[in-house]
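K.L.:
If you read the protein sequences in the order shown, they are chains A and B. With the first letter of the first sequence counted as 1, position 29 gets the number 29 in our numbering; the numbers rise by one all the way through. Position in the second sequence (first residue = 1) + 184 = our numbering.
Please note: incorrect hints may appear among the correct ones.
Stated by the list, open to error - If you want a taste of the chain A side facing chain B, the calculated C-beta under 8 Å gives, among others:
1) 57
2) 70
3) 71
4) 72
What the hints assert, rightly or not - Which stretches of chain A does chain B cover? Using the computed rule of at least three CB atoms under 8 Å from a CB of chain B, they are:
5) 47–56
6) 73–79
Hints listed in this document are in silico derivations from the structure and should not be mistaken for laboratory results. From the three backbone atoms N, C-alpha and C, an ideal C-beta is built for every residue, glycine too.
As a plain string of letters, each chain reads:
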Amino acid sequence: MANECNVKNESCIKPDDPRFKELKAYIDSVRDQQGISIMVLQEAQRLFGYVPLEVQKWISLELWDYSVGELYGITTFYSQFNLTKQGKHKISVCLGTACYVKGAQAIVEALEQYLNIEVGGISEDEMFSLEATRCLGCCSLAPVMMIDDDVYAKLYDTKQIPEILSKYYLESELEDEMESEVGA
Amino acid sequence: MAVKKVNVTINGIEVQVPEDYTVLLAAREAGIDIPTLCYLKDINEVAACRLCVCEAEVNGRPMRNLPTACVLKVEDGMVVRTDTERVRKAVKMNLELLLANHNRECLSCDRNQTCELQKLCHEMGVESTRFEGEMRSLCYDDLSPSIVRDSSKCVLCGRCVSACDKLQNIAVLEFVNRGVNTKVAPGFGYSIRDTDCIYCGQCINMCPVAAIKEKTHIPQVWAAIQDPKKHVVVQTAPAVRAALGEEFGVKMGKAVTGKMVSALKRLGFDKVFDTNFSADLTIMEEGYDFINRVKNNGTLPMITSCSPGWIRYCEEFYPEFIPNLSTCKSPQQMFGAVAKSYYAKKAGIKPKDIVCVSIMPCTAKKAECARPEMQVDGHRDVDYVLTTRELARMIREARIIFDKLPESDPDPILGEGSGAGVIFGATGGVMEAALRTVADVLTGKDLKDIDYKAIRGIENFKQASVKLPIGGKNVEVKVGVVSSIRAAEQVLNQIEEGKLDLHFLEVMACPGGCVHGGGQPHVSAKDRIDQEVRSERAKVLYSEDKRLPHRKSHENEEIKALYEEYFKEPNSPISHKYLHTKYAEHFIYMPDVTDRV
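Isolated chain A, as found in the complex (with noise of 0.2 Å):
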């Protein structure tokens, strides 16, 4: 989904964001269940791709049970929510004990140089954002690093990093013809 909003890590996440009549209805459709906060921040994840202020704001004042502050408990304290903008593709570089001796600090590196950003970051036209992971389990392939489902395996050489990147700029390209010839 494409998103205009050009300040990084601040959210510009309107309050008629249409998302948040999908949110309502998903609530709605839980709301006579228990301990429903942690599928309602999963499912406002799912829609936004992240949870900032505005949307645990709106969650709370939705489910009135649950603060900002017990939302933002919840979020820092599971793994799997990201407070800050998330880039189309999620770059995860395992830094385990195997792939870190056999040299993913470099792909890191490597990474962080092309694209501008630090770990945790976004680049700045959103497509990736870079993480560090721990064991990916497949420890044989050292070192590896994932793009979305994707693994890439024993990548020794970090000049192979653009050409591997330079895959999505392409298909992303492709989506966009593709959807100005449905257009037109």
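Assemble the complex: chain A is given as a structure, and chain B must be docked to it using the hints.
P.N.:
For chain B alone, kept in the frame of chain A given last:
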């Protein structure tokens, strides 16, 4: 049905206790104290601090590890030991681990000698710690006018979190992050100033250490007293006299009114007045506001506006009830407005040279006095607010021996209070005081039966109805009294849904009313097990009420003089200028706030 009893042996002592008891409570029956830090009866029973560990055997089989007594339910034939070397070592170790991450500046700490952690360490012989832990990232939030948070002292017991959630259902403070980075804070790094906090201070009352405290005005008050150009007047809220003694070793439940007045005079205040006076004034204004609303089909139920915590909550979460709020300022603010107008004129002192200090059982009063609209002709109604605890600190600092103080009376003109004024400090008091006056005014009689017992007591919600002649008709006036925000929220919802029909509603933010306010002396979690703080302190006020010559606000001679000489009549234009205020919706967690902590 009687609760079944079970037999438990604790340290060789057999006791019979109800089966729903925990080992902690059973041990108390056996005369054994089990150390606790996070435990707060009925509010926070979470086994977080691990100081109440014990050895237990059920059916001759030892339980695994060391269970925590605060949540361990008794079972018939259970054998518990809290006096073994294994238990003592574990408790000491856990204390040392708590100290490892604690800012140990005990000498200069606010809670020196009232700190529950310090007391435990002393009792358990833990003098220092072998561990120097990694410290949490620190946060010192003193941006709000009322409450200061100091995370360097926090022990993560969760008592403030539970108080805010369970007593008030506001839940400003919450555990944030996880593991070693866990801290107690509002959301998104906001200062408590910019959140839904209503400054009631229940978190302060419940904190075992000094991680949350009031924002002090003591230095400013000393400076004003020292300044020869300033005429410093002081008012004391009704609930202060019911608890101040506790700070000086007086047993809970004893009034120290006379000694308190003497202490204030010795501290150097130029005039010592009484908020009871302006409580009576509030009744006059609020009572007539109510009568007018009933007569002229105004917005009902009318809701009292004495509790600034409640006002802030209403402005944040129930702005639709703002038209229901009485426009009367609270007694504290009315007092200030009268001191800098009527009193200034009578005493021949310029309002700008008067410094108005109030002693309150309340932390929200500090924020109330800072509200921009609380001034008349550029003079702030009240300049500084001290809590009961801060007053005690000043008395100690001035080296006054409280016990040996003589009794004295407040100064005249703004010093007389009726019995109706003094009961303001307990939940139901404002309503009872209002009914005493409203009933007399409407019936034109001097009614003798003025103890409205149905609205006394510590239940969170109480109702009553009184038949009164209004506009030629006999109207059954239905009144409600609610204390604590959690209960108030339920009452407001019922009113909104049309399930509850009331004419007049008293709301106090703190459970039990002002006697249990956030500025009152600390009562340790242990002492809270054995005594009901709210009713013990309220008793003091009701016995003061009985003692006073006037028990109705409109009989207060100084109030009569004030109306004759100055305000003419309740709700007159001049009284509106000085004694009434307005409210507006208040927004929280605004994204444009940049100074986060």
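K.L.:
Out of the numbered hints, which ones does the structure contradict?
P.N.:
none
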